[in-house]
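Number of protein chains: 2
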Amino acid sequence: MSKCIYVVGIGPGSGDMMTEQAKEILEESDVIVGYTVYLDLIREQYAGKELLSTPMRQEEKRCLLCFEKAGEGKQVALVCSGDAGIYGLASLMLELGKGYPDCEIQVIPGITAASSGAAVLGAPLNHDFCVISLSDLLTPWEQIEKRLIAAAEGDFAMAIYNPSSRKRADYLARACRILMDHGVEPERACGYVENIGREGTRAVTLTMKELVRAEVNMFTTVFIGNSESEIIGGKLVTKRGYRI
Amino acid sequence: MSKCIYVVGIGPGSGDMMTEQAKEILEESDVIVGYTVYLDLIREQYAGKELLSTPMRQEEKRCLLCFEKAGEGKQVALVCSGDAGIYGLASLMLELGKGYPDCEIQVIPGITAASSGAAVLGAPLNHDFCVISLSDLLTPWEQIEKRLIAAAEGDFAMAIYNPSSRKRADYLARACRILMDHGVEPERACGYVENIGREGTRAVTLTMKELVRAEVNMFTTVFIGNSESEIIGGKLVTKRGYRI
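Sequences listed follow chains P and D, in order.
For what it's worth, my numbering labels the leading residue of the first sequence as 32, then goes sequentially.
For what it's worth, my numbering labels the leading residue of the second sequence as 32, then goes sequentially.
Bound-form chain P, shown alone:
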């Protein structure tokens, strides 16, 4: 294998939350491919590179562009926000890679919103936890519902990605009601963070019954504590252990 395409997680947005490894790979690349919004986050820093994007929902095209450019002998990096392997394009690249056997694909991890959002809120994921996306673009809602029920029954702390969008304004409220129907108390300690690692970061701690009515958007990550989580001095804290 002579060619290697890097699928790089760039973290939440601010450059200082990227790893050195990710930065070095972007510096060594000829071509950086990504969704326009993510490219904008790094455009200034890598102005000398060939920066290529495709619009939202054209993820397959974006991946194929990487193989095309690698075929021309270019060193290619595909950037994803957060971690490239958590709702990112790592798996699609590996699937499509079957058609390009001379191309190695290497995934470079980044700080995902579960980590960066948790740090802003305190320590909501400091014990076993689930990460669930409420986007039903590629997943049937029944599957999402099944996972919410399992997460409640397992008393997991949770990080909820994509809690809302224009078309799915009521999804977080629906998810909260499902959780409450399956044992999550209305007083459960919760929180959410908007614009993690970008301008306008805003963290809110609240109870489950308040979360049902919270206004969140596509730049929000929601956190739900487990049954022992507490709000301590304005921070959402899930304990490392249980009293045994």
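These are calculated hints, taken from the structure and not from any lab test.
Check the hints yourself; a few may be wrong.
Copies of the same chain look alike in the list, so a pair counts if it fits in one copy or across any two.
[To be verified] DSBU-like, lysine-lysine: derived pairs with alpha carbons at most 35 Å apart: (1) K177 x K92; (2) K198 x K105; (3) K240 x K105; (4) K34 x K54; (5) K270 x K92; (6) K54 x K270; (7) K240 x K270; (8) K240 x K129; (9) K34 x K270; (10) K198 x K34; (11) K54 x K240.
Got chain P; can you put chain D on it based on the hints?
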């Protein structure tokens, strides 16, 4: 609040997998506190600092040391491997912080083994997933078992931390059997990674029925795919979506 203690996730071990933010904070600190093994990873780089450690299981003492040093007017960073808020000391610091109202505690996220291990294996966590620790030091086994069952029933991909130790040599096998009793097929695509981000990194992909007999240790992170995960070209891949 005049004092701020940083609880810093240093990632899996190699310096280039730390964020710039974490590096800057360590550089600006007078005192770096941590478990000896983690301090050893950074000892050379921060040789001019006061480096303080306490042995394993003396985590509370380690945290109190931070408040003590901050009280002396020192700038203190407490380092944790991976992410400080995922099985790290962030929550214990926030709990103990109640006794030190003039001390702010800020959590600095790092790359957790779920992210770094997944990247080595391919993209096993590229859809909804759970993170579960098999250590029953602070959690009753019944709780761990309940979570494994919930994870299987919700068809989550999984990252399993602390799959084994000298005293708990058979825990991974026990966990695998519980998962298989609750719907995880013997042919389910799985994998594990040893010594992530350190010398001797080793990644293995295998099926659930092979995982039951796998020899893992305390430096291994185990990954279990969901029902649609596949091994593609030696990589463990969980798809971004479902066929809908």
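Here is what the structure says about each hint:
For the homomeric pair K177 and K92, the shortest alpha-carbon distance inside one copy (31 Å) is at most 35 Å, but the shortest distance between copies (42 Å) is not. Taking identical chains as interchangeable, the C-alpha atoms of K198 and K105 are never at most 35 Å apart, the minima being 39 Å within one chain and 51 Å between chains. In this assembly of identical chains, the alpha carbons of K240 and K105 never lie at most 35 Å apart, being 53 Å within a copy and 42 Å across copies at closest. Taking identical chains as interchangeable, the C-alpha atoms of K34 and K54 lie at most 35 Å apart whether they share a chain (19 Å) or sit on different chains (31 Å).
When the C-alpha separation of K270 and K92 is checked against a cutoff of 35 Å, the pair qualifies only between copies, where the shortest distance is 17 Å, while the shortest distance within a copy is 44 Å. In this assembly of identical chains, K54 and K270 lie within 35 Å of each other by CA distance both inside one copy and across copies; the values are 34 Å within and 27 Å between. Both within a single protomer and between protomers do K240 and K270 lie at most 35 Å apart by alpha-carbon distance, with minima of 22 Å and 33 Å respectively. For the identical chains of this complex, K240 and K129 are inter-copy neighbours only, at 26 Å across copies versus 47 Å inside a copy, given an alpha-carbon limit of 35 Å.
For a Cα distance limit of 35 Å, the shortest separation of K34 from K270 across copies, 24 Å, qualifies, whereas the shortest one inside one copy, 45 Å, does not. In the homo-oligomer, the alpha carbons of K198 and K34 never lie at most 35 Å apart, since the shortest distance is 40 Å inside one protomer and 45 Å across protomers. Proximity of K54 and K240 under a CA criterion of 35 Å is satisfied in neither setting, with 42 Å inside one chain copy and 39 Å between copies.
Checked against the numbered hints given earlier, this structure breaks hints 2, 3, 10, 11; the rest are met.
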